[in-house]
Amino acid sequence: DTAVSQTPKYLVTQMGNDKSIKCEQNLGHDTMYWYKQDSKKFLKIMFSYNNKELIINETVPNRFSPKSPDKAHLNLHINSLELGDSAVYFCASSQAPPRGYTFGSGTRLTVV
Amino acid sequence: DAKTTQPTSMDCAEGRAANLPCNHSTISGNEYVYWYRQIHSQGPQYIIHGLKNNETNEMASLIITEDRKSSTLILPHATLRDTAVYYCIVRVEGSGNTGKLIFGQGTTLQVKP
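Line by line, the protein sequences give chains A and W.
Read left to right, the first sequence gives residues 25 to 136 (my numbering).
Read left to right, the second sequence gives residues 12 to 124 (my numbering).
Honestly, the hints are just simulated from the structure, not real lab data.
There may be inaccurate statements among the hints.
Below, computed lysine-lysine pairings styled on DSSO-like, alpha-carbon distance capped at 27 Å [what the hints assert, rightly or not]:
(1) A/Lys68 - A/Lys46
(2) W/Lys14 - W/Lys80
(3) A/Lys64 - A/Lys33
(4) W/Lys80 - A/Lys76
(5) A/Lys46 - A/Lys76
(6) A/Lys60 - W/Lys123
(7) W/Lys63 - A/Lys43
(8) W/Lys14 - A/Lys64
(9) A/Lys68 - A/Lys95
(10) A/Lys68 - W/Lys14
(11) A/Lys68 - A/Lys33
(12) W/Lys123 - A/Lys91
(13) A/Lys76 - A/Lys64
(14) A/Lys64 - W/Lys63
(15) A/Lys76 - A/Lys91
(16) A/Lys64 - A/Lys95
(17) A/Lys76 - A/Lys43
(18) A/Lys64 - W/Lys123
Quick caveat: nothing in here was measured; it's all calculated off a predicted structure.
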């Protein structure tokens, strides 16, 4: 029943590893997003996809690569993880504006 | 950068109305004001949005000034579960469908017994 679901909920990994976070929405929304919330609690947009097409790519290192196999899924792959990547990553989806976004419950990534 | 400014923190007594102010003096004519809240590192939760008119739903009311340069979110009867960070956001529009919500620091609302 969860509208926007992310997996895993927690992820602890070593520096240099490659990891993926998955996101799925069952709301029929056309647009999906990835946000990062750092230790200072600021939420920053990273990427946005509309119908599988990348439409927003903020200043994010190339180590981060989003992939959208269909409009209900948006995954985030991170290569060569660094300590500074430790954060909570939120997936969200929306229909055409001015509708609001629906956020997932987040993935807490800890890089050690 | 966020286009809104909010007080860093506020307190409210349980059962009383919580009035959260927001300034958005550079808002454009077709930009909506959105309110979200985040309870203890859960995902942000949509509350309400508006353009010009005041809006009300089951969660809250949104009062927008006539010049649209500020707004107030009203939680009519605050409960302890309303303790959260409240974000006032003006969606930044781009070409095509490249609009995005830019979160500021928000207001930490503490509802006290």
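query: Hint numbers the structure violates, sorted upward?
result: 4, 6, 7, 12, 13, 14 and 16
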